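Q: Keeping their order, the protein sequence lines are chains A and B.
Residues 1 to 87 in my numbering are what the first sequence lists, from first letter to last.
Residues 88 to 1055 in my numbering are what the second sequence lists, from first letter to last.
What the hints contain is simulated information worked out from the structure, not anything from laboratory work.
Computed from a predicted model, the values in this text were never measured in an experiment.
Check each hint, because a few of them may be wrong.
[Said to hold, decoys possible] Partner residues are not named here, just some residues of chain A that face chain B (Cβ under 7 Å, in silico):
1) 14
2) 20
3) 23
4) 24
5) 25
6) 26
7) 30
8) 37
9) 41
10) 56
11) 62
12) 64
13) 74
14) 86
[Said to hold, decoys possible] Stretches of chain B that chain A covers, calculated by requiring three or more beta carbons in the stretch to come under 8 Å of a beta carbon on chain A:
15) 438–448
16) 798–806
17) 1029–1043
Backbone N, C-alpha and C define an ideal beta-carbon position, used for all residues, glycine too.
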Amino acid sequence: MRITCPNCGERDRREFYYQGDAVALARPASDAGPQAWDDYLHNRENPAGDTQDLWFHEAGCGAWIVVSRNTVTHAIDSTTLAATVKR
Amino acid sequence: MRLQEPEDTVSFTFDGQSIRGVPGEPVAAALMAAGVKLVARSFKYHRPRGIMSAGSEEQNALVTVGRGAQAEPNVRATVLEVSAGLEVFSQNAWPSLKYDVMAVNDLMAPFLGAGFYYKTFMWPKAFWEKLYEPIIRRAAGLGGLSGQPNADRYEKAFAFCDVLIIGGGPAGLMAALTAGRAGADIILADEDTAMGGRLLREVEDIDGQPAADWVEEALVELRALPNVRLMTRTTVTGAYDQGTYGALERIAGPRHIDKPLECFWRVVAKRAILSAGALERPIAFPDNDRPGVMMASAVRSYVNRWGVAPGKTVAVFGNNDDAHRTAHDLAAAGITVAALIDSRPDIQAEGDFEVLSNATVTATKGRHALEGITVTQDGEAREIPVDCLAISGGWNPTVHLTCHMNGRPTWREDIASFVPTPDSIPGMVTAGACNGAFTTAACLKEGAEAAADVARGLGLKPKVTVPAADERAYKIAPLWAMPGKGRKWIDFQNDVHVKDINLAAQENFRSVEHMKRYTTQGMAPDQGKSSNVVALAVLADATGRGIPETGTTTFRPPFVPVSIAAMGAGSQGKGFAPERLTTSHHASVARGAPMIEAGLWYRPSYFPQQGETYWRQSCDREVGYVRNAVGVCDVSTLGKIDIQGPDAAALLDFVYVNMFSTLKQGRVRYGLMLREDGHVMDDGTTARLGPEHFVMTTTTAAAGQVMRHLEFALQVLRPDLDARIASVTEQWAQFAVAGPRSRALLNAVLDARLTDADWPFMACGDVAVAGVAGRLFRISFSGEHAYELAVPARYGASLFRLLTAQAETLGGGAYGMEALNVLRIEKGFITHAEIHGRVTAFDIGMDRMISRKKDCIGQTAAARSGLMSEEREQLVGLKPVGAVKQLTAGAYLFEPGAAAERINSQGYTTSEAYSPTLKTGLALGFLKRGRARHGEVIRMVDHLREIEAKVEVCDPVFFDPDGGRARG
Ligand SMILES: [Zn+2]
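Isolated chain B (complex conformation) (with noise of 0.2 Å):
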């Protein structure tokens, strides 16, 4: 029922009935005035439950919005803003919210208790994956996923700051007011949809004029200071280290697939003031979980905020004077108050309704609301029908921040409950009621102190002004658990109650770790955020100590659930893994090339022609293409490091376990590099282009790692070393040009004919293709004469059209990847397959490269026994020799008479192709003393594939192995 007739109303749905509400508020405030009770059922008994809280901290009433791949589950109605068409469903409920079938749970609850699934689901074990789990995966949980990729958009922010003011209530306004004031730049964030805090409820006065008044004012100040950020709908999930805050901004305004939902902020603060208020906790008592059990402070909200009315004959039940508060606005608001309900023995309260004192509620009844309480005063029970019950356990500041770097709260008896612990966050302060400063005049007092330290520390020069305000005290008298029959629910979203944390102390899990385990209090979303202290309390009791020698949880972020979608924002898709795409990537893609990736770059496979039906068909013919005439490349994404200074070669010997100090310009030499622990790195060619200028390639996967392990060994090993290096990967466009008529095609291109005496085997240096500089290297990773050509990447999509065009006039064309780890295999060179991390330069028979005259990385640490064993595994190539050709890589090898297990295991297979030069398949490989055993017949299994074959151990170097082709 609404107190009065809002002006613009909208229409949304829940469960599909049409329900009026104004933008903006809570759909839980629209339910309400809807006169609807019964929102959500439990998680685990699919108890009815109804609306409990008017903020982020709702146990009760979750909810699903929206549907198919937009569907976004477990949403608190108290937080999600009504909008026109929005959809909205009740979760973990079928067929209908009002008649669960899962409800027989409750009926089944003696047998449902703590402990339950550990101790029925135990044997036999192999039940528990097929049978037990998902019975009670579908039984217990709340909303339910989609099963779509997610549709939704999120985004992801950084901010930056002097001082970040977390929560906006009457400290965090008065925070903001000082230090704004000042000059600081501050972030003011609040998890509302508008500023203000408890003022936005409450009947009192500032400075003389109703509080609403005084925030709109302080508002407006703050809007006018261009140093004062103000961040609405933004939750301040975490602390992190130097100064870090994870923020949760809910995007404002109806959703739309077009707009983002959440928005996830890093933000970095100087400091931090934490004013983040405090959460009502509940009390006790027998099926205290009704729909119509509510927070006595979320009553005033929807009263007071909202102008709605949660019943019309309410009882309020409290144990301090906090609670009296409702009692006196619903009276005012001419809502029935059934009575003032107060465990206290001596109260003072007066007002147009019945005054209990010394008395608790006992029993409540209504199955799917609430019809009535039991009252229990001096031992006599009388029964009292309401609507609605207002609760109110007392208040637990809003610590939660403070302990997420191992802060632990300390216990203040005088309010009964956990205040922070001072400097639990480097950097961070806190003021006002989550400091356990409840009165208003003490949070406008502290915030104002709070940010004139902080501003003074910035070296600005704050004024102190602070208002006058409420300074009515807070009295309280601890109330945690009724005694009594029936359950009397504690985490309410967990459906943990009293009983089950008795039963935890009762089994000896009396640590509070070890219940929280136990029973699973505060493992809901919610993380126990109102239900904590009180199953604290209980274990205390239950155990015989007081609360501070019980201890607390430890809470962790986020405060409120965050979506992995907004922490995950930008990186899903192509923003997880963005294209690279060389200069010849849209010439490959229109040949037809299928595209295959290469760490981020995408190269093409091979290039089918018409006719062809099988990539095998295609790639043979480009094989010969090299083999035969001539073949072009792409190779820009090998890595490239630009190598300069007088050192620039000193550099080279440190890093490469062979010598490149006596390489002469002009001049392309073979390189290997090694971890320090003396296994294979990486391995290459480096041009020397000047006396003082380098030019190294590495692998393409290992681009990055080079690069980083050679500004390691020239800062960190050789700072003495005067050279400067930089990756020019993507600044050149670089083919290889190979095959016996790559010279040929060359010369039709260059500015300048090439002749043998310049251009020999190894050989580099500059060239010019139609007047543009380019440079040439003659290396070869097929075999062949071959050359690769470097232009800057503007030319590269030109010159590779211009190469191509060149080849194909020359009997030859475009080969890809395929094509090219046939060539490299017939040869034997290694690539990463072989060189995977765990091989030395022994076991692909180039130790004999590591120089001895000069240190370097990996030298000392490879001439160790063990990594020079003969028992090692060694590179050999193999060829089949048995009834069936099939080679594939990644297959063990064993004796002939041995069988295929593990323990047998003479090598495996690294690297396998046809090779249509050789007619005959073939593979690399790493055998136990392979050097030795050329000739050998052994078996290939492949276990996953289900392959075996008879293969000859041979060379690894397959064709041409006195390299005259390349050289010639």
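With the rest of the complex left out, here is chain A (with noise of 0.2 Å):
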């Protein structure tokens, strides 16, 4: 499996610590109750299609990266910085 980093370029799957699913950038506020924090912390959905997850190039740049792939097909559609993403 191969990531392009979107600071290094293409790079083996090795090189990337996987976190998981990408709604981590979504940090509800504190007080946004407890559904949403449970959502937030412990619901995931298990697509069979596409999906956003965090990858961290640790043995890289150090960057944290949103992959959009697909869980069928392994396709990566697309990597960005999660510095960069709008929210």
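Build the complex from these two chains, which are given one at a time in their own frames, with help from the hints.
A: Here is the structure:
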């Protein structure tokens, strides 16, 4: 598996640490309530198809990257620096 | 028998028998030349088996190479190259290949059919592990492992290219020429020792010259192209995501302990062309497994390429025109062709041999080698004495790699075979025989066209010129299994025959995946390469369906067996767990300190002195240094993270539960870090070195995790913050100098004296040691007046010498991990033994540290009522008060009267030490409602070590509870 780091280019997946769903980008406010926090912390979709998750270029530039990929075909559509994602 | 006497031969052994062979030729060829027919015993029934193929698909001739730790089992004799002194052994036979005791299994065959294990060894259950399985494992199997550490060397490597061409036969060579001439960066990989594929064995012309000459010319041109890499002996084993391919290279030349045996490649290719050719498939007829029954194309390989005759009198049996080539080539080589037997009624064949059309082989004879066959034609059976039978049931395109990413092949009726479904692997196209194009002319054309397409896709301008070649069409009439009695073998490597498959169908294992698991068809090391299609046809017939409706099993990587040692090359021993050494490592080892692992780091346990015979003596002495004089300890393994920027303080406020923006420059603060789910992640101190400059310390264990966490906080959660972080763990050597005389020691080594006013508890700042700029932190993990002194790592070794020498003049010295642990337990300081991932700030009594003036990671989740419940297990201290003084970590806590059972558990212990300061055993642990239970006496039960003690619950800070010693 190869992931294109926006800083470093296409790299072997061994250089990356896998975190999980990119839902982490949408951190609720402290007072958002238990349901919002429960969803944020624990509830995850398990899609057969397109998904977005966070990878860390740990053995590279140290960038957190949002990877859009397909869980069925394993195709990677796009990669974006997490720091630049609009929210 | 050899057709020509070779010039240079060397000697190797097979089961101790000396055999001459040509260096580089397959061991199978040399065995054949020496007249060795019986090479192996089969997996289950211990049937005598010979050589069946001339390639990596070999099902029968598996051997063991070498002995002792260097023995390698299940090597295919058809791939193994002859070299001087090579030691080859047969396997799965005892006492000898010829007189194999376990051959009795073959007589028991009626009872050992498919499903036998499941049916026979079901009951009683307890017998399975102790009785049945060991017996079955001993009786059935292939080669064995030595049980010793692998002494052989393996390597791994990475390669990148524009185009990976898999298979160097006519299609692959033509593809390489076309794309190579256009300038593409190419890797051409072939598993054989030489490029050429089928052209190395066939007698035909390309461009008006013998095919072998054309191959040589093509190779001369390819070798001259700097953009083409030729990799022989390299099997592409798997197709993976984003154009990654696995490949196994067998290293050329004689095996040697100092030379790797194999190299596992990970090849990254923009595009790939699969030109892997096709594999000839057998026909299932009674006793088709006798040594001497071979694939028709393999016979051509041995005769035409290796100059070895597989027999004196050979018959050829097939259902397709390609088989006829074998009869012609044998006759041309002067070998007697007893008959050409073709199952089709209307064939055209002429030659200096008898041609039997509409005829099949229905029986064979010969115990350890083939002696004759029975041919049935028009209902009439006749015996023909032969010592070799060449068989061909047609060709299976080598579609395997196209199935590695969920692709399913497509059935093509006209060639009675599966072909690749286009676009099964992104970026890969197929060409030649693996695509169902079986003539040389078609292979060359498809190779050239596929390469031209690929090259154009890469922005190149290829030219397509295809040489003239053999266009004889491949005609076939499907023939899978003969009727009649006797076992008709399909999967030779796993001993599966037609009846097994019929039985599976009869017992309603009609799905091909069920049949496979019920019969073990295709589950041997060869993964059913040669046998799956025949098995499928038999299943289709038994279930009254067509082959495409019956489906196929899934081909998974690897295409050929790959040694785990090759895939894991470089990751054994220290390659798996590299050593991280501190700057004081060599000095510690020189002092006789036993080193213990802390992650990848090595740290000294204690520093034994003369006369000390037990670690506790050293440990107690070192604790005494710190409590009474001064001790020195290397703490460089703690993570150090440099944090800078206008928002550095805001970042710290966000990741720590407590405030850091209020921390003054020149001061240090203890910080507690939570995970977002409200549990404790790590703790440590952070010093403010400047208005926008902090340095954080983490625990040794969590250094990497915290670094990742901080980057996550900064990039994912708070990209609005302007701050940057860098790990500086290895840039600084840092030493704890702890004890009442620590300041005296430092004043002896620092360039400027420390004063009470400038260096209160939790102060930090720049210092100099003999002119070397360093940092000093007045922090304490022992509860004593203490400092940590950091210098650039290159000065670490000398600073450690200096500090320990000074400490010794002050009645102290170096201390190790054991003493450090005792000191912190005496003070109730936590480590990851306590903050093990399931505890909250509330559990360790630090919930009041969580600032409500700001948001931080974990703050919201930590406030959930379940994480603040008084019923939770809370950090406590424990002291022995009964006859048993020994406390242990990992023990459970119970009420005095309750049975020591899980359901009654009140908590558990996490750390334990003998305190020489307090002259008692101490433990830290977690106890339900623990903070309200100080003074209670409960039971500690260690079920594993069988220790039970009465313990008193107390505050976790056992020593100097008001902290006066550290501040003073
Ligand atoms: Zn990067």
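Q: If a hint holds in the structure, say so; if it does not, say that too.
A: Hints versus structure:
1. With 7 Å as the threshold, the beta carbon of residue 14 of chain A stays out of range of chain B, its nearest partner Cβ sitting at about 9 Å, so the hint is violated.
2. Because the smallest distance between the Cβ of residue 20 of chain A and any Cβ of chain B comes to about 11 Å, over 7 Å, the interface hint for this residue is violated.
3. Interface hint status for residue 23 of chain A: violated, as the beta-carbon distance to the closest one in chain B is roughly 11 Å, over 7 Å.
4. A least Cβ separation of about 6 Å between residue 24 of chain A and chain B falls short of the 7 Å threshold, and the interface hint therefore holds.
5. A least Cβ separation of about 6 Å between residue 25 of chain A and chain B falls short of the 7 Å threshold, and the interface hint therefore holds.
6. Against a cut-off of 7 Å between C-beta atoms, the interface hint on residue 26 of chain A is violated, since the closest Cβ of chain B lies about 10 Å away.
7. Nearest Cβ of chain B to the Cβ of residue 30 of chain A: about 5 Å, under the 7 Å cut. The hint holds.
8. Evaluation of the residue 37 of chain A hint against chain B yields a held restraint, the C-beta minimum of about 6 Å falling below 7 Å.
9. A distance limit of 7 Å between C-beta atoms decides the matter here; for residue 41 of chain A the minimum to chain B is near 5 Å, and the interface restraint holds.
10. The criterion of a C-beta within 7 Å of any C-beta in chain B is met by residue 56 of chain A, whose closest approach is roughly 6 Å, and the hint holds.
11. For residue 62 of chain A, the suggested interface contact is upheld, since its CB lies about 6 Å from the closest CB of chain B, less than 7 Å.
12. For the restraint placing residue 64 of chain A at the interface with chain B, the shortest Cβ-Cβ distance is roughly 4 Å, inside the 7 Å limit, so the hint holds.
13. With a cut of 7 Å, the hint placing residue 74 of chain A at the interface with chain B holds, because the nearest CB-to-CB distance is about 4 Å.
14. Below 7 Å, beta-carbon pairs count as interface contacts, and residue 86 of chain A has none with chain B, the closest being about 10 Å; its hint is therefore violated.
15. Only residues whose beta carbon comes within less than 8 Å of a beta carbon in chain A count, and the stretch 438–448 of chain B has 0; fewer than three means the coverage is violated.
16. With a threshold of 8 Å between beta carbons, the proposed coverage of the stretch 798–806 of chain B by chain A holds, since 7 of its residues qualify and at least three are required.
17. Counting residues of the stretch 1029–1043 of chain B whose C-beta sits closer than 8 Å to any C-beta of chain A gives 0, which falls short of three, so the coverage hint is violated.
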